[in-house]
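Protein chains: 2
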Amino acid sequence: MLLETEPATATRSYEASSVGIVERQYAQFDTPLFLRSGAVLAPFTLAYETYGRLNADHSNAILICHALSGDAHVAGYSTGAPDNKPGWWDSAVGPGKIFDTDRFFVICSNVIGGCQGSTGPSSLAPDGQPYALRFPMVTIADMVQAQRHLIDHLGIDRLLAVGGGSMGGMQALEWAVEMPDRVGHVLFLASTPRSSAQHIAFNEAGRQAIYADPNWNGGNYYGGPAPANGLAVARMMAHITYMSETSLEHKFGRRLQTHPVLPYTLAEPEFAVESYLSYQGEKFVRRFDANSYLYITKAIDYFDIGADYGSLRAALARTTSDFLVVTFSSDWLYPAAHSADLVRTLEALGRNVEYRHIDAPFGHDSFLVEVDHMEQAVGSYLRHV
Amino acid sequence: MLLETEPATATRSYEASSVGIVERQYAQFDTPLFLRSGAVLAPFTLAYETYGRLNADHSNAILICHALSGDAHVAGYSTGAPDNKPGWWDSAVGPGKIFDTDRFFVICSNVIGGCQGSTGPSSLAPDGQPYALRFPMVTIADMVQAQRHLIDHLGIDRLLAVGGGSMGGMQALEWAVEMPDRVGHVLFLASTPRSSAQHIAFNEAGRQAIYADPNWNGGNYYGGPAPANGLAVARMMAHITYMSETSLEHKFGRRLQTHPVLPYTLAEPEFAVESYLSYQGEKFVRRFDANSYLYITKAIDYFDIGADYGSLRAALARTTSDFLVVTFSSDWLYPAAHSADLVRTLEALGRNVEYRHIDAPFGHDSFLVEVDHMEQAVGSYLRHV
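The listed protein sequences derive, respectively, from chains W and G. Start counting the first sequence at 0; every next residue gets the next number (numbering that gives the first Met the number 0). Start counting the second sequence at 0; every next residue gets the next number (numbering that gives the first Met the number 0).
Treat the hints as calculated values from the structure; they're not laboratory data. Careful, some of the hints might be misleading.
Because identical chains cannot be distinguished in the list, a pair is counted as satisfied if it fits within a single copy or across any two copies.
Within a straight-line C-alpha distance of at most 20 Å, the following computed SDA-like cross-link-like pairs (lysine to any residue) qualify [to be verified]:
id, residue 1, residue 2
1, K250, T318
2, K250, D303
3, K282, A347
4, K250, W331
5, K250, A306
6, K250, A336
7, K250, H337
8, K282, G79
9, K250, R193
10, K282, A38
11, K250, G222
12, K250, P94
These numbers were taken from a predicted model, which means no experiment stands behind them.
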């Protein structure tokens with residue numbers, strides 16, 4: 000395999016616009032991480048990848064923050080991703096792409112609580128056993144404080160930009176509020192300043208699906224069978240919320256999976272959309288830890304940037320960065336109205352805000368799949384920073 | 000208990016607007032029911048209740064069709080409902096109410112495939128064992144054909160109206176298309192002429208939650224523990240789709256359930272909306288059979304009134320009844336656009352159609368909870384039939 004024999008510097012061997020082979024790196028910290036819950040996590044590890052080169056004055060760094068099911072592997076082909084698949088935002092990160100790695104030094108780390116190399120419930124605790132539910136609850140603020148250790152470690156005082164979609168946008172906003180002097184620009188994409196009751200409800204239904212799987216066993220399943228059925232159900236349900244009625248209708252409609260006419264049976268998927276959901280569930284359980292799913296959805300639920308400061312306005316008054324806010328017309332998980340609140344408040348505070356509302360049919364996932372629109376919105380914004 | 004000691008004729012003992020105590024009745028049919036799948040169901044039983052009196056020329060009968068989780072107990076206090084709770088649409092059915100039982104003879108039967116007295120997967124098959132998954136798949140058309148036997152049995156040639164919300168509206172539409180000479184008016188409320196890919200997807204995620212429960216055991220759980228956890232997860236998820244983002248936000252927002260500040264734990268519900276969902280799940284599993292949930296959601300998925308006739312227009316060309324179509328602005332499960340298609344096609348065919356789009360925040364459940372709006376829409380319509 001090319002991936003295993005070529006050195007990491009053979010960046011352009013795949014295609015001109017790919018970052019090529021990327022090394023998964025691990026930063027280990029003995030300094031304790033003081034969590035919002037009052038608990039302390041120590042030591043902890045962050046898995047991360049970088050793309051492009053940090054310039055001489057360390058002023059071209061962009062931190063990309065991943066969403067619920069993401070990881071540090073944003074682009075190219077990673078030594079830490081055994082499936083040899085391109086990163087989750089390969090369309091956006093690379094030479095000449097939206098996040099142009101000929102210009103920017105792009106960083107992405109797996110969140111704490113995750114399961115892709117950073118310390119999380121599946122990691123070994125200091126006693127040599129997996130944390131499981133002994134892992135402390137984490138928040139978006141905690142994820143960001145862990146990232147701050149990494150940015151310090153990389154010798155970067157100030158990030159040119161921090162950005163991400165969905166939960167990634169929450170982290171970017173948290174950076175700008177908590178550490179305003181370290182963030183130049185926030186890219187807040189298909190996200191929300193505050194998880195709504197509906198979003199908490201969907202996350203809770205997914206968690207209950209995991210709890211209901213007997214293999215979950217109170218979180219103590221490492222070394223035995225994982226609660227794959229429960230996690231798959233959680234993913235199936237969540238996946239529906241990432242799409243839109245229109246995109247599901249366009250992609251599947253009422254098309255049957257196998258038979259020319261309805262077989263009328265419970266024994267197999269009858270409609271194509273059923274088969275697609277099963278596939279999404281199965282694919283997810285191969286790469287994701289159920290306990291991490293519990294912890295990260297909780298962190299999303301906890302997110303309310305105004306709560307720690309008394310109000311959204313009071314929180315945002317701390318920021319000094321510029322903002323790009325992007326919403327999508329068909330995103331019903333994080334409706335545009337949530338971001339519009341953010342934009343109005345930032346504008347009232349005199350911040351520089353560029354707001355792009357994109358008419359796109361792909362629901363919440365639009366930020367990942369609407370490459371042309373994202374190029375026009377995010378790419379053009381970044382060309383002028 | 001009043002319910003057990005008072006005779007069924009003491010109608011007004013509760014309150015003037017209640018139908019009082021109602022007797023659950025059972026109609027047993029030996030005639031085979033030929034199902035869309037090609038299978039035959041025989042014998043079969045329909046549980047039903049009636050309210051008001053059938054007039055001399057049998058011209059004042061209204062059939063109400065229930066939704067996914069409903070039953071025959073629409074109004075008053077039923078001998079067949081051991082919890083002594085008023086029927087699921089008590090607000091709408093009674094003396095002087097929307098379905099005025101001083102004027103109309105109102106009928107409601109539990110659908111076949113159900114679990115509230117009509118023949119379904121939890122019923123005993125002719126061999127004396129529960130059907131479980133040996134029960135044949137049923138469709139909305141099959142439910143309606145079973146109801147037709149009941150209407151014949153009651154000596155009613157022509158229903159003044161057939162109506163219902165959600166899956167109830169599907170049945171009403173099916174009546175008008177399949178047996179046009181037997182239906183005067185269709186009340187099509189918060190429903191759709193065709194289940195969308197998104198709706199099939201949500202139903203399938205719920206079914207997968209049931210399949211994932213080891214107590215489900217391929218459907219063979221009667222006599223043992225029921226797959227309550229799986230069914231509760233399915234219900235929790237579905238319940239979110241019955242409400243709206245706005246109504247969830249208004250009712251719960253980010254309010255905590257017990258503690259003044261976030262406890263940061265997986266061990267108990269933290270947000271009020273989580274506790275509410277659990278309550279909905281627990282309440283549901285006490286009254287509903289998991290296999291029935293599988294069969295009825297499948298019947299909903301199968302529903303596409305145009306499919307059997309080549310097109311929506313060809314199906315609707317068979318109808319001769321008048322129509323009242325009601326949609327709700329916040330119903331995202333059955334968006335108004337689906338009903339608008341129906342209305343346009345009916346109007347193009349020259350049918351009398353009254354279409355009311357109601358601005359209401361309660362999502363799909365609006366048809367049950369928006370009593371004042373329903374009075375204005377359905378009540379005023381029925382006063383003129």
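Here's how the hints hold up against the structure:
1. K250 to T318: neither (41 Å within a copy, 32 Å between copies)
2. K250 to D303: Answer is between; shortest inter-copy Cα gap is 18 Å, intra-copy 34 Å.
3. K282 to A347: Neither, since 45 Å and 47 Å both go past 20 Å.
4. K250 to W331: both (18 Å within a copy, 19 Å between copies)
5. K250 to A306: between (39 Å within a copy, 19 Å between copies)
6. K250 to A336: Cα proximity of K250 and A336: across copies only (19 Å, versus 27 Å in one copy).
7. K250 to H337: between (27 Å within a copy, 18 Å between copies)
8. K282 to G79: within (18 Å within a copy, 46 Å between copies)
9. K250 to R193: For K250 and R193, the Cα distance is within 20 Å only across copies (16 Å; inside one copy 31 Å).
10. K282 to A38: The answer is neither: 33 Å in one copy and 36 Å across copies each exceed 20 Å.
11. K250 to G222: Classified as neither; 39 Å inside a copy, 42 Å across copies.
12. K250 to P94: This pair counts as neither: shortest intra-copy Cα distance 31 Å, inter-copy 49 Å.
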